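S.K.: What follows is each chain in one-letter form.
Protein chains: 4
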Amino acid sequence: MNSTSLFGDMLQAITDRGRKLLFSGQRDDDADPLRALEQLCETLLSSRGEASGMALSTTILDRWMRLDRDRQQAFLKRLVTAFDADHARLEKAIEAYGVDPGPKAQMELHLAAEPRRQELLRRFNLAPHGTETLVRMREALLTMKRDAPELEILDADFAHLFASWFNRGFLMLRQINWSTPADILEKIIRYEAVHHIGSWEELRLRLAPADRRCFAFFHPQLADDPLIFVEVALTRDIPGAISDVLRDDRTQLDAAEATTAVFYSISNCQEGLRGISFGNFLIKQVVEDLRRELPRLSTFVTLSPVPGFAAWLKTEREQEAPGALTAFDKTRLAALDQPDWASDPEAVAQLRPVLTEAAAWYFLKGRDARGRVIDPVARFHLGNGARLERINVLGDTSQRALRQSHGLMVNYLYKLDDIEANHEAFIGRNEVVAAQPIRRLVPADRGAKAVPMIAEISGPSAPSSKGSKEFSA
Amino acid sequence: MNSTSLFGDMLQAITDRGRKLLFSGQRDDDADPLRALEQLCETLLSSRGEASGMALSTTILDRWMRLDRDRQQAFLKRLVTAFDADHARLEKAIEAYGVDPGPKAQMELHLAAEPRRQELLRRFNLAPHGTETLVRMREALLTMKRDAPELEILDADFAHLFASWFNRGFLMLRQINWSTPADILEKIIRYEAVHHIGSWEELRLRLAPADRRCFAFFHPQLADDPLIFVEVALTRDIPGAISDVLRDDRTQLDAAEATTAVFYSISNCQEGLRGISFGNFLIKQVVEDLRRELPRLSTFVTLSPVPGFAAWLKTEREQEAPGALTAFDKTRLAALDQPDWASDPEAVAQLRPVLTEAAAWYFLKGRDARGRVIDPVARFHLGNGARLERINVLGDTSQRALRQSHGLMVNYLYKLDDIEANHEAFIGRNEVVAAQPIRRLVPADRGAKAVPMIAEISGPSAPSSKGSKEFSA
Amino acid sequence: MNSTSLFGDMLQAITDRGRKLLFSGQRDDDADPLRALEQLCETLLSSRGEASGMALSTTILDRWMRLDRDRQQAFLKRLVTAFDADHARLEKAIEAYGVDPGPKAQMELHLAAEPRRQELLRRFNLAPHGTETLVRMREALLTMKRDAPELEILDADFAHLFASWFNRGFLMLRQINWSTPADILEKIIRYEAVHHIGSWEELRLRLAPADRRCFAFFHPQLADDPLIFVEVALTRDIPGAISDVLRDDRTQLDAAEATTAVFYSISNCQEGLRGISFGNFLIKQVVEDLRRELPRLSTFVTLSPVPGFAAWLKTEREQEAPGALTAFDKTRLAALDQPDWASDPEAVAQLRPVLTEAAAWYFLKGRDARGRVIDPVARFHLGNGARLERINVLGDTSQRALRQSHGLMVNYLYKLDDIEANHEAFIGRNEVVAAQPIRRLVPADRGAKAVPMIAEISGPSAPSSKGSKEFSA
Amino acid sequence: MNSTSLFGDMLQAITDRGRKLLFSGQRDDDADPLRALEQLCETLLSSRGEASGMALSTTILDRWMRLDRDRQQAFLKRLVTAFDADHARLEKAIEAYGVDPGPKAQMELHLAAEPRRQELLRRFNLAPHGTETLVRMREALLTMKRDAPELEILDADFAHLFASWFNRGFLMLRQINWSTPADILEKIIRYEAVHHIGSWEELRLRLAPADRRCFAFFHPQLADDPLIFVEVALTRDIPGAISDVLRDDRTQLDAAEATTAVFYSISNCQEGLRGISFGNFLIKQVVEDLRRELPRLSTFVTLSPVPGFAAWLKTEREQEAPGALTAFDKTRLAALDQPDWASDPEAVAQLRPVLTEAAAWYFLKGRDARGRVIDPVARFHLGNGARLERINVLGDTSQRALRQSHGLMVNYLYKLDDIEANHEAFIGRNEVVAAQPIRRLVPADRGAKAVPMIAEISGPSAPSSKGSKEFSA
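Residue numbers (the UniProt record's numbering), protein chains in the order written: chain A, 1 to 473; chain B, 1 to 473; chain C, 1 to 473; chain D, 1 to 473.
With the rest of the complex left out, here is chain A:
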């Protein structure tokens, strides 16, 4: 870590000097800072940018960071309007392609159509901490574009660039444990998006015991800041409730005796990298690492939330037409409306079977308007090739879980030999692979709600573009 910051310091020194040379005396920039920034961008793209690229990019990023929100947005808009492709060159390229559509013409078309801001973003990366600043810039952009749809195109530029820079080939897997530097650990606390970590003592309970593991992906340019991490419990059977996993009075297991690895929380860390998918790679890598370290492990399973269930169930309960729920189901489900039903054993006993059956329908037959499995977490794990293994009523009794899913949790099973086939079934045929007991819960006779089987089904990366911080485990 030290060497990283030393290096950062040195870069700083270089660019400080460079900037002094470049910009001494140009203080009338203040009159129109946006205009000045735009000019600097033009210089950075010019040949002069080659000699002074580091100084120029540092200045631009620094100044942008110090702008107020409105001006930051205004600058991003100028990137869209003032740094698109060179139209004259593009017209010529189109013409040439019309004459001879060979690879050269094609390539020239590709290059001519590349917005100049893409090269600009690449050159911004010359600045010390350039990558990090660009990730922050996109984080801001994602918020801004809600009200400014013209920024969508710039977001696509960022996404394109980041997909290349954050290619899995460049990521490093590191274990997070109680010997990890505190500045990284405090980020784990902050980024945890599924099961809140309330204090350092709670963090310790997730990292220090012999039957706990945590792994994260890092990028060389964001050395102290994880991209995504997964928390794992080593157990002897598949847990049905998060409280069993997290309770601190449990008997700790000798890791070598565990048979089961439970992925109970996955969190994306960088809002600015939304849509760049790491989770699939992370889970598979961790499965392999754990198998290597602990050869007795034979079951790899998640304990996952079901964030879309309660909303779906509400709709089903309200609708007249026969569908997922029978009239009798609806009657029994009325117990859900009673406050504190979760601590009333009678209510729970009544609800357990009907919630389980409804959930089976939700996963196996329920589909959203685009024909997709409704639950984003399910889409993530099924798209990765896992199968739906078990439905757990009252797996999570936190307020949030009760609100989102009436406390339901499920397990997804990662069985290496089936991953490929499961993935094909899900992606290729829109089929949900589930364990036999779950499949049996869905009656073959009762007609399924008409599902709009549309051709273009968005794949496993889709969920992350919705709730990037929370497709967890």
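Simulated from the structure, these hints should not be mistaken for lab results.
Some hints here could point you the wrong way.
Since the list gives no way to pick one copy over another, a pair counts as held whenever it fits inside one copy or between any two copies.
For lysine-lysine, the following DSSO-like pairs were computed, each having C-alpha atoms within a straight-line distance of at most 27 angstroms [to be verified]:
no., residue 1, residue 2
1, K104, K92
2, K330, K104
3, K314, K365
4, K365, K187
The structure displayed is predicted, hence computed values, not measured ones.
Once you've looked at the hints, dock chains B, C and D against the given chain A.
M.R.: Same frame as chain A, but now just chains B, C and D:
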């Protein structure tokens, strides 16, 4: 290093398993391995590639590595023909752009025109050691394209990708010294392209003494393999001969007392990264680092070869028309034809002034057919903003130097405060900035050979595309 | 850290195997575990111990750790009685020395008189984590010897051994900051003995800000466990109250602009190393490190508690004979008996001058029964060559400080050029070096209490044998 | 490594300053430097030494290093004469012991008899690089004491101290491979004492191949300088000739397929640590490490020289009385006198059986004047618990091996389950454990040469005090 290879091992384990799953039973690939490879590439680009990308890319790269040369080339050609853009999509994008040439249409045009092989190359990078293998693949490609111009377009794809991946923001500067692991040091011996390192003892003399330094850029994915390195001597004055720098019986200097840092050798290491320019950044970074470490250093200078001089002088001597040389010059230069003139003090005394004057003309007025300064090393340093400081007759008496430049060496001076202006002069106005004594050697009156001042002057990165291994110092 | 534990694992593997070989079938040890342990110790000292030393020592330490408290103590007593010197050999050595008291006879006398348990302790160290276990063993011993004075001699053996093993030449200085692994940081929280750290957030405030530093000594064999650490605040002037240092709403200083380094807390960490002095070396090393890093620092000063002051003042107030206090002083000091005087401005105003004068006397003229400066913290810093710089009334208003010193704190100044002379004055002449304003507070005329000037004055290491955890800053 | 030297630099800075303070103006030391040094030693032992120990010890060691050889020796002699125990205190301690020989009196006797120079040596260790300098000092001492027996006693002090400081518990095992820093590797080349390493290329052949390993012990204070290392070849059978192991045209083995680990070279590195035994621990640790890494390994064996064989055989051939050799044996052995017999197949065929039988006798029945097994390498391995496994005629045809052992090499087998018993047999009963085929070669009837079975047999550490650099493998 260990952790790197451990990680590599793990990746290997994952992909081994993945491949077993994917390709069991498909052994009839052997019938048409190229066809099979192409199919794998199609799969890798499909949605299935998302679940099994690591296994697929590993298989493809492995198989390609094991092909014979002819089939390797055949595969690369198929990349050009079978993985260009989707023409239907492209036609549609052109049409849409015709209707409304806004940013969205432009972006779609850019994306539609992107050859599919670019995404393919990005996915290849998922394989363990993917980046390294791709660098080796391009190395092969550079040789192949000499006889197969249709591969030029694929080379452009590689260059585009590498420019992004090897962006200076991702490089790490490391000092190379006598505590550096031997497996890296043996690469320094192998890659040194300017002043041959004959043995480990010679290497030791360049790294271990207190008045020597060496710095290299590394990329996280090629962890034990440098991209470029520079060797530095700390001295009290500007040396005129390489033998003064390398002699092992010199008195070693306490680094803290040095006033001058001499960059006497720069070598690019990765043929597969030809055209991706690192030298400019490396020199400037090292200047800053040294200034930090040794505040007494005030002069930063190279001791550089002049590889184009002998060839140019031959032409000048042969031509009748008055130009760089007067008749008297030519007479005096006849001494060069005498074998062993370099060890004949009389011949040297006679040649010294005329060689110096001719060299001044060579740098200041000589231009190649494209109007550029002739010497590639000069173009590199002048393009970086250095100035031509001194001409040294018999600076290098090795056979190679005598053949290339009649033994001439020069010093380029890096003065931080002038770099920007010098760069502008050279790039913007095609002017060579040189020290006053050199400028005085070129007579104002004698008409310069007509220089074809063409508009588009290729910049400082050009030399590297010629002799990537040798623009050194 | 990983490599350490890996190594530990391997040692474990070796010794596990070794023990299996050695002790299979000897389960009747359980009958008389102490007897069995003693036998193992004899074996360890025999030649057989050379081949199986690691296994034997591991077994012995393991078994000892698992004994109950009484048996642990019984074993330590056996070390005293059963493993003293070989009397026959010793008698012979005394005789030989009588004949010829040359160096050889002397050496033999030294060796013959060495209790065999010293070699035993050295061989215990062959076990994995041997050093650590021995430190824990002595920790237990220090408690036990209160009621078992015969163990005193064993403690001397430990002290002798540890003085050699924990020689300053073997210690490593490491900076503790917010990038330090959490398992080390939690020890900092636990070991802090002067100004309690209540939470990780409070720890962060002491480590993360740019104007804070913390340094610790480590020993290679206790890699994750500090021996002693010091906390430093970088400021622009000498603080008089700990609350000024620790307040979290202060304006943070750019470290480069600080002129003063304040050592506001020093804590010994290992009770088992009591009497082995590190503090002197630590402070001086840190002074040098900080001077190197921050050349503007010119003042190095502590902010220290005065733990003996309240007790001394009580005695003085109670005694009739004229001494430190005049009758008028005593009248004014009555305000101390009023509860909450510290928050009563009038009381504080009245007490301030008299407390200051009394404190000056306490340091300059007060002496304990052995003729030493009374305050242990004062003895530590004065013995290190610091001088008493300033007395701060109500420097610490915590309950503990009010109880120990009526809230008084003082500053000791470390001025490198004077350290040697100050040390000489204190050690050689029992003189307290203090700043002029403090010296002026002590009237020259009023006769000092008769000080028993005994010849043998115990030096600066003495305090640590009293309150090892708390001589701090 | 860097941090080590940084730390060294800082220590340097401290002590530079300290020394300036201490010794300014005392330049008349030059008149009698030894006297001045002695005075500094007295100061270092005084209480003042506690405040300025680092500066004082640094000065003393520096000055000693710069003395000429004669004065260095004179200083060491003064350590013997001027820094022995305090005789008055010692007499008193003897007297007290006479009155009551309890543990306290004993301890006081031990302390009083400790030469003051032992504490002095411990304080020398405060200097930066103190440990290293003390090791060098003893290296010099070992040479000097040949002509100055009065230094023997000082050597005992060093040995006592080093046995404590270089306790196996403080050593770190590190693998040496082709990624090891060059400055350590050049020491491997220099220290290799058994099978000369002629160049970096030869070194590479011993470290880089997949079927080679090398391990070394390091001490934290000599971080870049190994104490002892062992070279290992991974094979499929027990080799009989060193040329088979070292040949570079052999087929390399996949490490995972090896069944046998051959320790073919062990070298002690630090002459100054002679007599401090590491080899036993190193071999056993490496055996464990390799078993962990490569579970298929089942045989751990050396390929070792027999340095005492040729000298012994010469004596046997010359003696008339029947002993190891029959008359017929002597006749056949005459072939040894023929030059180049080793390359004459006929001579070899004739010599093979008789050399083998003689060697069996040499190991099993031959004893030196002290009743010990003659061969120092044999004593080392047998003392470690290995057994003599095989005798290899012409195992090493180098000039040196032909001279020392007529080219004979042997294998010692380390079988973990037998180590304890073998060790007991050798140490306890002076029995050589050998494989059955070797034992059969020694006729039961022919009377053994009378062996002086003396009671006190010196153990396995003895050999190292003879040829510390060469008990190898």
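S.K.: Now tell me if each hint is right for this structure.
M.R.: Hints, one by one, checked against the model:
1. K104 with K92: both (13 angstroms within a copy, 19 angstroms between copies)
2. K330 with K104: neither (64 angstroms within a copy, 48 angstroms between copies)
3. K314 with K365: Cα proximity of K314 and K365: one copy only (16 angstroms, versus 84 angstroms across).
4. K365 with K187: neither (39 angstroms within a copy, 54 angstroms between copies)
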